[in-house]
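Please build the complex by placing chain C on the supplied structure of chain E, with the hints as guidance.
Which chain is which? The protein sequence lines are E and C, in order. Take any residue in the first sequence, note its place counting from 1, add 10, and you have its number in the working numbering. Take any residue in the second sequence, note its place counting from 1, add 10, and you have its number in the working numbering.
Calculated from the structure, these hints are not laboratory results.
Chain copies aren't distinguished; within one or between two, either way the pair holds.
Quick list of in silico lysine to any residue cross-link-like pairs, SDA-like style, CA-CA up to 25 Å:
1) K197 with R284
2) K337 with D136
3) K197 with T158
4) K337 with L203
5) K197 with M259
6) K109 with G332
Number of protein chains: 2
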Amino acid sequence: MGMSIRIGIMGHGNVGRGVECAVKQAKDMELCAVFTRRDPKTVKILTEGVPVLPVEQAAEYADKIDVLMLCGGSATDLPEQTPRMARLFNVVDSFDTHKRIPEHFAAVDAAARAGGKTAVISAGWDPGLFSLSRMLACAVLPEGADYTFWGRGVSQGHSDAIRRIDGVLDARQYTVPVPEALEEVRKGTSPELTTRQKHTRECYVVAKEGADLARIEHEIVTMKNYFDEYDTSVTFITKEEMAQKHAGMPHGGFVIRSGKTGWNGEHTSTVEYRLELDSNPEFTASALVACARAVYRMANEGQIGCKTILDIPPSYLSPLDGETLRKTLL
Amino acid sequence: MGMSIRIGIMGHGNVGRGVECAVKQAKDMELCAVFTRRDPKTVKILTEGVPVLPVEQAAEYADKIDVLMLCGGSATDLPEQTPRMARLFNVVDSFDTHKRIPEHFAAVDAAARAGGKTAVISAGWDPGLFSLSRMLACAVLPEGADYTFWGRGVSQGHSDAIRRIDGVLDARQYTVPVPEALEEVRKGTSPELTTRQKHTRECYVVAKEGADLARIEHEIVTMKNYFDEYDTSVTFITKEEMAQKHAGMPHGGFVIRSGKTGWNGEHTSTVEYRLELDSNPEFTASALVACARAVYRMANEGQIGCKTILDIPPSYLSPLDGETLRKTLL
Numbered sequence: 011m012g013m014s015i016r017i018g019i020m021g022h023g024n025v026g027r028g029v030e031c032a033v034k035q036a037k038d039m040e041l042c043a044v045f046t047r048r049d050p051k052t053v054k055i056l057t058e059g060v061p062v063l064p065v066e067q068a069a070e071y072a073d074k075i076d077v078l079m080l081c082g083g084s085a086t087d088l089p090e091q092t093p094r095m096a097r098l099f100n101v102v103d104s105f106d107t108h109k110r111i112p113e114h115f116a117a118v119d120a121a122a123r124a125g126g127k128t129a130v131i132s133a134g135w136d137p138g139l140f141s142l143s144r145m146l147a148c149a150v151l152p153e154g155a156d157y158t159f160w161g162r163g164v165s166q167g168h169s170d171a172i173r174r175i176d177g178v179l180d181a182r183q184y185t186v187p188v189p190e191a192l193e194e195v196r197k198g199t200s201p202e203l204t205t206r207q208k209h210t211r212e213c214y215v216v217a218k219e220g221a222d223l224a225r226i227e228h229e230i231v232t233m234k235n236y237f238d239e240y241d242t243s244v245t246f247i248t249k250e251e252m253a254q255k256h257a258g259m260p261h262g263g264f265v266i267r268s269g270k271t272g273w274n275g276e277h278t279s280t281v282e283y284r285l286e287l288d289s290n291p292e293f294t295a296s297a298l299v300a301c302a303r304a305v306y307r308m309a310n311e312g313q314i315g316c317k318t319i320l321d322i323p324p325s326y327l328s329p330l331d332g333e334t335l336r337k338t339l340l
Numbered sequence: 011m012g013m014s015i016r017i018g019i020m021g022h023g024n025v026g027r028g029v030e031c032a033v034k035q036a037k038d039m040e041l042c043a044v045f046t047r048r049d050p051k052t053v054k055i056l057t058e059g060v061p062v063l064p065v066e067q068a069a070e071y072a073d074k075i076d077v078l079m080l081c082g083g084s085a086t087d088l089p090e091q092t093p094r095m096a097r098l099f100n101v102v103d104s105f106d107t108h109k110r111i112p113e114h115f116a117a118v119d120a121a122a123r124a125g126g127k128t129a130v131i132s133a134g135w136d137p138g139l140f141s142l143s144r145m146l147a148c149a150v151l152p153e154g155a156d157y158t159f160w161g162r163g164v165s166q167g168h169s170d171a172i173r174r175i176d177g178v179l180d181a182r183q184y185t186v187p188v189p190e191a192l193e194e195v196r197k198g199t200s201p202e203l204t205t206r207q208k209h210t211r212e213c214y215v216v217a218k219e220g221a222d223l224a225r226i227e228h229e230i231v232t233m234k235n236y237f238d239e240y241d242t243s244v245t246f247i248t249k250e251e252m253a254q255k256h257a258g259m260p261h262g263g264f265v266i267r268s269g270k271t272g273w274n275g276e277h278t279s280t281v282e283y284r285l286e287l288d289s290n291p292e293f294t295a296s297a298l299v300a301c302a303r304a305v306y307r308m309a310n311e312g313q314i315g316c317k318t319i320l321d322i323p324p325s326y327l328s329p330l331d332g333e334t335l336r337k338t339l340l
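Only chain E is shown next, with the shape it has when bound in the complex:
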């Protein structure tokens, strides 16, 4: 394989830890440094012998890292960090605020071009692998409709929203696709589905002793933008049950497109892409790490600027060469 691809991680939360795990599995990569905004002494990483440094020191590593993985949050970290770092490093991020992708792309593209670097943004699974599936199915079946279902999985944002309610100690919210809607879509009938018809929301809540449970439940199910358009169930559980049964971060979902083929659209084709993930952040990180390999190759070819998974020749994501891929996987 030649030399290893030298990886840096910025931000050591769940996704950053997932990147460490994925780099361990990648025979062609090695982790070189982890940058954090916390006190580095308080950050315990998994890989032995790798320095944990303050983010302010990152620039000193510009020549020692081939690809920097930006593992902060999409709300405030990445809009600022990715463009700033893209001037100095080849970067990958998992920016996932769909609506703001065009402006994030523009900012990162300008920075990467200014620095002569290569960036891939929004490289997790949605946006990311789900986007790729939507695009491919759309290109092959132009006359059709596609549907994305999420879950069963934990929504961090919805869990946080419940935690802010008075009397709530802890909460976990699962987004769940409605099985009947999935079946309807798979039949290729291209149904029109309301928000309520596509997903339900299951909430598990630990309440303070003596809290008014009826009020908490009412506040949850009527919460604007979060729950009011869904059928929502609320189950009160103990702290112990929360720790035992709801500590994981499972997620997943479905991208389904059905379209017509034939001279008069007389035949139906249905394409389905499905993910079922024990650990959402670890799988997200695994996708980011595959994209880091592509960034490294594109950078070596002089393909500078910002890209997304839609721009990457798929073989660039694989450690195998073209000949081996054609022989074994095609």
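Just chain C, lined up with the frame of chain E:
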């Protein structure tokens, strides 16, 4: 969109007809000519005003066609046609003999380079979209196992094999994934599965009057390489039933990979890609036509030589530009 991509079709069987249908749906393409080895007067195509010409005249169209779609068979047509045509045209084929892909690739690559043209081979769904799914899942989840199931769908080769048995007038063979095997694989346990455990084969046979049905059934289920390693069911039906219930060419299948994430592989992720097709040749053709768009773009960029779906930046398959894709599909 600018000018249309000018498409030619060589070979007007089921896939060639499917290409006609898919080009009709593509707003950025137009069909320019159909080439056939049959007497052109006997070939009735669907698109009005498009000439049907003998294959010998193809070379005269070298400047009038942007991408030539090679729709012959993989056994004898494409190994000869694709390299020959790739010297003169940008081409796409659906060569599907997995074992012979490396030699076909080499022959087409040499020819395309000699002619300064761009070629994409094996661009249907397996090889093709299924290969892409296998490769992507493998790149993201390097520690895992993948499984490909085909069906429920008609296997042309197996149907033909039954038709060659003495006393058989007509036959249709369906390949069917074993539901229990699918479920086992989806669980992420990476089971070892024998040929028999993965698929069953259903045969519908029209026998000659007075034929020895027990002998025919015995010859089918014991047929080497075709049926002996499978659980095979044989059902004798009338000519009328064959015409009514088995005239279609449905197919499809599943690519499922499960892999481990986490520091010690403690979590499982499962990726599933599924196709369910009323018409196998029409969907295959739809995939070929999306690849024709990519070939056209790569040719315009001077990317000559032979490629596969694994080499194509996905956005090249779509008629939408990068900005629109990022805004609407990412």
